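Novice: Residues per chain, in single letters:
Number of protein chains: 2
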Amino acid sequence: MNPDITRERENATFNVEKLTHILDGGIEKTKRRREIESLVISDPDFQSEDLNFLSRSERYDAAVKKSAQMILKLREYGISDPEEIYCYKSVFRGNHQEALGLHFVMFLPTLYTQCNKEQFKKWVPLAESFKALGTYAQTELGHGTHLRGLETTATYDPATQEFVLNSPTITSIKWWPGGLGKTSNHAIVLAQLHTQGKCHGLHAFIVPLRSMNTHIPLPGVVVGDIGPKFGFDEVDNGYLKLENVRIPREHMLMKYAKVEADGTYVKPPSDKLTYGTMVFIRSMIVGEAGRALAKSCTIAIRYSSVRHQSEIRPGEPEPQIMDYQTQQYKLFPLLATAYAYKFVGQYMNDVYHRITGDISQGDFSELPELHALSAGLKAFTTWTASAGIEVCRMACGGHGYSRCSALPDIYVNFVPTCTYEGENTVMMLQTARFLIKSYRQASAGHQLSGIVSYLNESERSLQPQSVSSRPTVVNVNDLASLVEAYKLRAAKLVELAAKSIQQELQKRVSQEDAWNNSAIDLVRASDAHCHYVVVKLFAAKLGEIGDTGVHSVLSTLALLYALQGIQQHSGDFLQTGLLSVPQLSQVSQRLKELLAQLRPNAVALVDAFDYCDEMLNSVLGRYDGNVYEHMFEWARRSPLNKTEVHESYHKYLKPLQAKL
Amino acid sequence: MNPDITRERENATFNVEKLTHILDGGIEKTKRRREIESLVISDPDFQSEDLNFLSRSERYDAAVKKSAQMILKLREYGISDPEEIYCYKSVFRGNHQEALGLHFVMFLPTLYTQCNKEQFKKWVPLAESFKALGTYAQTELGHGTHLRGLETTATYDPATQEFVLNSPTITSIKWWPGGLGKTSNHAIVLAQLHTQGKCHGLHAFIVPLRSMNTHIPLPGVVVGDIGPKFGFDEVDNGYLKLENVRIPREHMLMKYAKVEADGTYVKPPSDKLTYGTMVFIRSMIVGEAGRALAKSCTIAIRYSSVRHQSEIRPGEPEPQIMDYQTQQYKLFPLLATAYAYKFVGQYMNDVYHRITGDISQGDFSELPELHALSAGLKAFTTWTASAGIEVCRMACGGHGYSRCSALPDIYVNFVPTCTYEGENTVMMLQTARFLIKSYRQASAGHQLSGIVSYLNESERSLQPQSVSSRPTVVNVNDLASLVEAYKLRAAKLVELAAKSIQQELQKRVSQEDAWNNSAIDLVRASDAHCHYVVVKLFAAKLGEIGDTGVHSVLSTLALLYALQGIQQHSGDFLQTGLLSVPQLSQVSQRLKELLAQLRPNAVALVDAFDYCDEMLNSVLGRYDGNVYEHMFEWARRSPLNKTEVHESYHKYLKPLQAKL
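Residue numbers (full-length UniProt numbering), protein chains in the order written: chain C, 1 to 660; chain A, 1 to 660.
Just chain C, same shape as in the assembly:
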């Protein structure tokens, strides 16, 4: 054990284990999580070479192997609870992806929820036994977020009682679905349904892609891998071009909408039924943002405690990097953010499960608010977390750039969350739509409830209007007061956005153009709303914590989170008259004090995330802090070191020398 990191742990002022239990949701959950983790860690089948040393084809191969092993092992161990499966996967995946991910996350769930009885009986056993290996093909080469723009067609032919599927244009080729390129033999294809001469919009169809015996693509199916990406090297994201592919009528998923044998179309009873999954996945991503940032902070903070560099005081030994104020300022606010997002993730998960109960009873009343919240928070947290991972990486100096740090892998595997499951700017604008609608309702005299109740007229009339009009009442040392300030900022920015739309409308532009011409303000308002929610939920979490030591350190983190946000958006707080200039100086001063106050607990706070070395897979983030010897050992395994002299010397350099 590196003595620096041991000393850090000795200096911590709280019980790390207790904090871990809070993060897991209880002592029993921590215990069970560790049991599952140890199943993977101790399993020789999951010991493999660092994927970074392999070619893409080898990485894909290794990922398929692991997925196949996992399926057998989960059955062997009798693990079937989704949370436990998730936990098991998290360990063997490390910072990489699972080859069969879409089969579990999209193919099976879609079958479960959208098959009618006969379909269920046929397809679910095939999928559960992996005879049917599936994916979910929605996005197309020229179309993503905007579902109505999708071009793939499924035209019903009553003569043969078949659907004929086609990719009529280049832009209609299905593009991106994970597992589509090489792995899947089936796909749920989203296509525009045409029958009896009319288009009825997007519907889902089960399309066989490859022979279930030979895995060779079926006639009319042009399928393949879309090529290398920033990350996701293990996944065969694919393309699919359909050329008059015929499937039986029964391959349309018919739990809700139907096409009868003669081609008569039967509408689904509600369009909100497929809404829930999307909300669930976005809520999950908020938790992922917390986890990705927590991992990154673990690596950067542990390494900053054993890395010595430069000098603060001349003549003294090189200090730990973590003693530099600039390093603390880079890392500790991100640490606070990681905690904030973990708590927000827990909250979203709880709310989702509560509301799901209501939905299954036909009560959709809370869905719009949750939908708006999950969209905005997904964007808010993934943007911040992505940028934060890179800050952590660069805070490790040059070594953060090595794949041995794991930070490049964490980044490239997390950053697509900014784009998938709803592009972030589009998500922010969806939340803004809800906020503006709520604002208008409140302005029209309706009383709002829930998270947007701060938009009620009565609340808004209490807001300070400008710097000069009235003294501000924010206490920068009091978290409750800061939550209030964030709330008022959100209210003010929603109002500003609404007024911008109003002004545009006065120029006689259309409602739609007014919206587009105010989009910058709308995103800003959503951002402020989400920020408020995060600060509020962090503060609320403190109320649940009994242990004094843990409560104290989390309070410091929460205050740091809130104050750093104010400093970063100081213009907003000054502009809306919520803070005065002298108070802003106070904020800066207080931030510096909080950094110094957190310094002794930094390593303990990342230890509490409890990522084992096998999950981090980072030489810099090792629990024992013995970084450099393991870095040397890792480097020696680099494929370029397999031979002393690389063949390119004989091929190019020696001949060059001979010519000159």
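If you're looking for bench data, these hints aren't it; they were derived computationally from the structure. All figures in this text were calculated on a predicted structure; none of them were measured in a lab. Ideal Cβ positions, reconstructed from N, Cα and C, are used throughout, including at glycine. Treat the hints with caution; some may be incorrect.
Stated by the list, open to error - Sample of chain C residues at the chain A side, in silico, Cβ under 8 Å:
1) Asn2
2) Val64
3) Ala159
4) Tyr329
5) Glu647
6) Tyr652
Stated by the list, open to error - Here are the simulated PhoX-like cross-link-like pairs (lysine-lysine), alpha carbons at most 25 Å apart as the crow flies:
7) C:Lys255 to C:Lys121
8) A:Lys89 to A:Lys131
9) A:Lys255 to A:Lys198
10) A:Lys654 to C:Lys121
11) C:Lys65 to A:Lys651
12) C:Lys89 to A:Lys654
13) A:Lys73 to C:Lys659
14) C:Lys121 to C:Lys131
15) C:Lys642 to A:Lys241
16) C:Lys507 to A:Lys592
17) A:Lys198 to C:Lys592
18) C:Lys659 to A:Lys121
19) C:Lys592 to A:Lys507
20) C:Lys65 to A:Lys499
21) C:Lys122 to C:Lys258
22) A:Lys659 to C:Lys65
23) C:Lys89 to A:Lys241
24) C:Lys499 to A:Lys592
25) A:Lys73 to C:Lys499
26) C:Lys659 to A:Lys330
27) A:Lys73 to A:Lys131
28) C:Lys654 to A:Lys121
Following the hints, complete the assembly by docking chain A onto the known chain C.
Specialist: Only chain A this time, still in chain C's reference frame:
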């Protein structure tokens, strides 16, 4: 040609070619650049498969091949001007690296400048004929920025008149030098010189690493590749462990410092002599920031003009992405930034060449200012450009994540500039040191000249002190007035940092601790200083432009750049009383107008950067806008598509299906 992009070009209000000449530095330079570019583009030897389809070893191999070819071709064409060589390399490298880069950038220049006459005669011909293939080995596993911390030793043994080189610890292993792992047979090694029982600090030694006949590592030399990284896959960044490696006394570079045969150490005449190269490289990086961002904007803006998505007005066809205000707000300020950095890069290059003349005549007077400026601007521009590349990538939606967009390559190859040649935070603090020193001189009554003259007492007394004290005079529509505002902000933030140090000293902490406890403020002050310099230089550049159309569009860009910076740092401008709250609303409104104003010129403005398709190597950034068909074609070449059925199906999936 895609009709959308044709229409964009038709709508431009200025002459693109004239702007290209300005960027190149004259019509003749544009002509010559294009001649050189066409040499590479038309050369069948440089046509190769996309590197992204290759394994790392294959990529290294391909890069060595290209470098060897380049050397012969440059001789054949008689190209020897450094700028022309740089241009030639830019084309064949694309978004990747050169295998022999360090030989040209560090090994040869160090020999040229630090060899004495006899050494020059021996080593320069060996290096110029590539018999000696070299690199520059400075950083160590545990040491980077802080040179005094380096541990490698070179101990003089007068008995044999040799130096004995050693890596005494794990942390002293040389780590990171490009070309060290497999390519080089020599390295210039920086080591602590010990002679006659005393250590004389870092000196440079020529150390043979591999046999010049067989390329096999020499005894005592443990050398290899440090393993895969975020990018730089083509480069064999290496490690070097020296175990009692003996080199003749004459292998110490002795132009300045010397060790005589008996071991007597002779000091160098000045320590500023090796200072210039560092300043030069940092200045170069500022230009690189402009180029990386310009490439990224070219890709994102062209693609945004041909990509249609969602709807602004219901029922109408999907609009070009570039019509969304949020998309304009992401991309146009970055476009303005790219122009700004290109002009700053030109300026730095000019200043460097002017000052180099002075230095060669022994006049070092301007060096400290240039040193401070290049350090801060390197940090300022690389941070912004790195983040900006990612914004461009994500502005391309999912396809930005594909390697075919080229944006992942641009990012991973550019982002290390934040760390190498001086870690960015350290650079910011170096600039701060100069600013604080200047501030103190001014406070003590000295009259400052040059870029920091705004810190003179007389200037500072003109600054507004707070929002309330006096009316602000900034005109948000006038660039000169905005330059003034940036200047006053910088002055104010330097003052705040100086006061923070003062306050710390009053708490009786040491000067060094006071500095560290004010580091956040110091970085902020440097950032404001650099921002001022960039805005000022952009404004100054406008004065040189005669063509009305070009002048008009660049003026709009400059105003956008200045106003967006104010919006992003609105807290600073409000806090320092430079802007009022109503003015801030004006800024927001004006920004939106400028976005709309730039919209018709966006494609023309990236066309003016004049990156040919071969240099961009981006399917999304194609000049002809025909994105989707080429994306499909690119994907089909993916190595995973070499076989219809991947071997992993037979190895893992079929057996799995059989078991369940």
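Novice: A separate judgement is required for each hint: does it hold in the structure or not?
Specialist: Structure-based check of all given hints:
1. Asn2: 12 Å, violated
2. Val64: 4 Å, holds
3. Ala159: 32 Å, violated
4. Tyr329: 5 Å, holds
5. Glu647: Since the shortest Cβ distance to chain A is 7 Å, the answer is holds.
6. Tyr652: Since the shortest Cβ distance to chain A is 4 Å, the answer is holds.
7. C:Lys255 to C:Lys121: Distance ~13 Å between lysine 255 (chain C) and lysine 121 (chain C) Cα, so the pair holds.
8. A:Lys89 to A:Lys131: 21 Å, holds
9. A:Lys255 to A:Lys198: Holds, at about 21 Å.
10. A:Lys654 to C:Lys121: Cα-Cα ~23 Å, so holds.
11. C:Lys65 to A:Lys651: 8 Å, holds
12. C:Lys89 to A:Lys654: 22 Å, holds
13. A:Lys73 to C:Lys659: The hint holds at about 12 Å.
14. C:Lys121 to C:Lys131: 14 Å, holds
15. C:Lys642 to A:Lys241: 18 Å, holds
16. C:Lys507 to A:Lys592: 15 Å, holds
17. A:Lys198 to C:Lys592: 42 Å, violated
18. C:Lys659 to A:Lys121: Holds - the C-alpha atoms of lysine 121 (chain A) and lysine 659 (chain C) are around 21 Å apart, at most 25 Å.
19. C:Lys592 to A:Lys507: 15 Å, holds
20. C:Lys65 to A:Lys499: 62 Å, violated
21. C:Lys122 to C:Lys258: Given that 25 Å is the threshold and the Cα spacing comes to 17 Å, the pair holds.
22. A:Lys659 to C:Lys65: 14 Å, holds
23. C:Lys89 to A:Lys241: 39 Å, violated
24. C:Lys499 to A:Lys592: Cα-Cα ~15 Å, so holds.
25. A:Lys73 to C:Lys499: 64 Å, violated
26. C:Lys659 to A:Lys330: Cα-Cα ~51 Å, so violated.
27. A:Lys73 to A:Lys131: Within the cut-off at roughly 18 Å; holds.
28. C:Lys654 to A:Lys121: 23 Å, holds
In summary, the structure is inconsistent with hints 1, 3, 17, 20, 23, 25 and 26 from the numbered list given earlier, while agreeing with the others.
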